[in-house]
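Note that full-length UniProt numbering numbers the sequence shown so that position 3 is 3, with each residue one more than the last.
Worth double-checking, as some hints may not be accurate.
[Claimed, not checked] With a straight-line Cα cutoff of 27 Å, these simulated BS3-like cross-link-like pairs (lysine-lysine) come out:
1) LYS104 x LYS175
2) LYS104 x LYS55
3) LYS177 x LYS106
4) LYS104 x LYS177
5) LYS106 x LYS152
Hints were generated in silico from the structure; no laboratory data involved.
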Amino acid sequence: MAESKTVDRSSERQHIIDAAYRCLDRNSGSSASITEILDEAGLGTRAFYRNFNTKHDLLLEMFRRDQEAVQAQLREVVARAETPVDALRSWMTHMLDLTSNPRKRKRMATFYSEELRRTPGYARELEIVSATDQASIAAILHRGKAQGVFTKCNPEADARSIRAAVEAALLDRFKQKSTGDVTEDVEQLLGFVLRGLGFR
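With the sequences and hints as input, model every part of the structure.
Structure follows, in structure tokens:
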């Protein structure tokens, strides 16, 4: 394929990423080939390899960007919460809502795919996401402990447990094992968590 002259070289990377997202959305989250992505972008192979060494590099970049967006949204909803309990509820709700949005659900299908799980570096990216989530939850727990709201709280250890519970609930919703709506699932999970934190 001849490379398009309409895309400035400085914007090629973003152009390829945007095209990859469109392909994945069109494929309902299933993988897309480099050829398909480049056809969508109107670019040739030289443009791709100027920006990415492999398709795996592209997928990891997309995963990082999605996770950065989710983390920014989580910071916003937590910052708006008036109490530590409200902050936990908002954090959980935003996470579980990811399965309710068709576009985000397609992204989840890609990022939980077997192809990405086999991608070198993906396990490390998951560790970074997990650590960031845990730090976010721990900050809420520290606030609640300082206010005397959570009386049996070990923020760092409890944050790991809460994050694992939310991830399990998220996967249940993604796999459609949960039949309740997000609010019901959040309140059930939050009630369990608050009992463990000694909420009063």
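Hint-by-hint comparison with the structure:
no.: 1; hint: LYS104 x LYS175; result: 14 Å, holds
no.: 2; hint: LYS104 x LYS55; result: 21 Å, holds
no.: 3; hint: LYS177 x LYS106; result: 17 Å, holds
no.: 4; hint: LYS104 x LYS177; result: 18 Å, holds
no.: 5; hint: LYS106 x LYS152; result: 39 Å, violated
Hint 5 from the list above is the single one not met by this structure.
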